[in-house]
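Enquirer: For the sequence shown, the numbering used here gives the first residue as 1, with consecutive numbering after it.
Pair ranges (Cβ atoms, derived):
id : residue 1 : residue 2 : range
1  : LEU180    : THR131    : 18 to 24 angstroms
2  : ARG136    : ASN12     : 41 to 47 angstroms
3  : PRO92     : GLN122    : 21 to 27 angstroms
4  : LEU69     : ASP172    : 36 to 42 angstroms
5  : GLN25     : ARG112    : 41 to 47 angstroms
6  : GLU132    : ARG181    : 15 to 21 angstroms
7  : GLU11     : ARG115    : 37 to 43 angstroms
8  : ALA224    : GLN60     : 31 to 37 angstroms
9  : GLN122    : GLU222    : 37 to 43 angstroms
DSSO-like cross-link-like pairs, simulated, lysine-lysine; straight-line CA separation at most 27 angstroms:
id : residue 1 : residue 2
10 : LYS215    : LYS230
11 : LYS24     : LYS215
12 : LYS24     : LYS51
13 : LYS51     : LYS215
14 : LYS230    : LYS24
It should be emphasised that the hints constitute simulated quantities derived from the structure, not laboratory data.
Glycine residues also receive a C-beta, built at the ideal position from the N, C-alpha and C atoms.
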Amino acid sequence: MTHTPHRLDIENVSIAYGETTILKQVSFHVPHGARVAVVGPNGAGKSTLFKALVGLLPLQEGRILIHGLPLGNHQDCVAYVPQREEVDWRFPVTVRDVVMMGRYGAQGWLRRPTREDHEMVQRSLQEMGITEMAERSISDLSGGQQQRVFLARALAQNPHILLMDEPFTGVDATTQETTLRLLDTLRERQVTTLISTHDLNLAASRFDLVLLLNKALIAYGEPARVLNQKNLTHAFGNALLVTESGGLLVDECCPHDGRE
1 MTHTPHRLDI
11 ENVSIAYGET
21 TILKQVSFHV
31 PHGARVAVVG
41 PNGAGKSTLF
51 KALVGLLPLQ
61 EGRILIHGLP
71 LGNHQDCVAY
81 VPQREEVDWR
91 FPVTVRDVVM
101 MGRYGAQGWL
111 RRPTREDHEM
121 VQRSLQEMGI
131 TEMAERSISD
141 LSGGQQQRVF
151 LARALAQNPH
161 ILLMDEPFTG
171 VDATTQETTL
181 RLLDTLRERQ
191 VTTLISTHDL
201 NLAASRFDLV
211 LLLNKALIAY
221 GEPARVLNQK
231 NLTHAFGNAL
241 LVTESGGLLV
251 DECCPHDGRE
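Use the sequences and the hints to build the structure in full.
Expert: Right under this line is the structure:
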């Protein structure tokens, strides 16, 4: 198979926790600069997939290629913004320190930050609208502000691929709108983005491609082709219905709390 540059290839990837298979033989290809919504019910494997893409989880089988090379060959190429509940926000560190962590791949852990590093951090703080918070402790911030700090850290990394796990869950309207504006900016920069979300209407209206998961790949492609009644029933069961107007409804028996 020929791999074009600046592309993400997932080939027959399976991931297990002990004896329990979380993802089974998942294959898909993301073109450079695409915006992909990763959707599926709780426990579908969305967070597991993201962690595998940054090398935090081993593959049971299959392989991941970035720009045609195996995972690990591109230093700091992929930035990852985890779900907020996975972060220990009590850690005594300032906003600026967190954002500077995005530069460690370029710096090396023992090298002092350069002028370029400081300038990148400052630009990232400005872009996320949190410059005035730079010297505050992250533990003192609201949930939405904390989310913007981690987005700034990802920007400071200057990645080719950005993964965001449930960035719209539990944040205020300002942070949601800031995140959507960031996605538009990243599109202009040709940064590939994969965002997991339970907001299927947002996935249908604001993304180029939708990846529908439930431990295996249900469907992948343009939103209109993926988000149909057959595929959604396969993924969610009868808890999710497509309305006559094309909207998406989730039954109350299928709560979405952002957990994997």
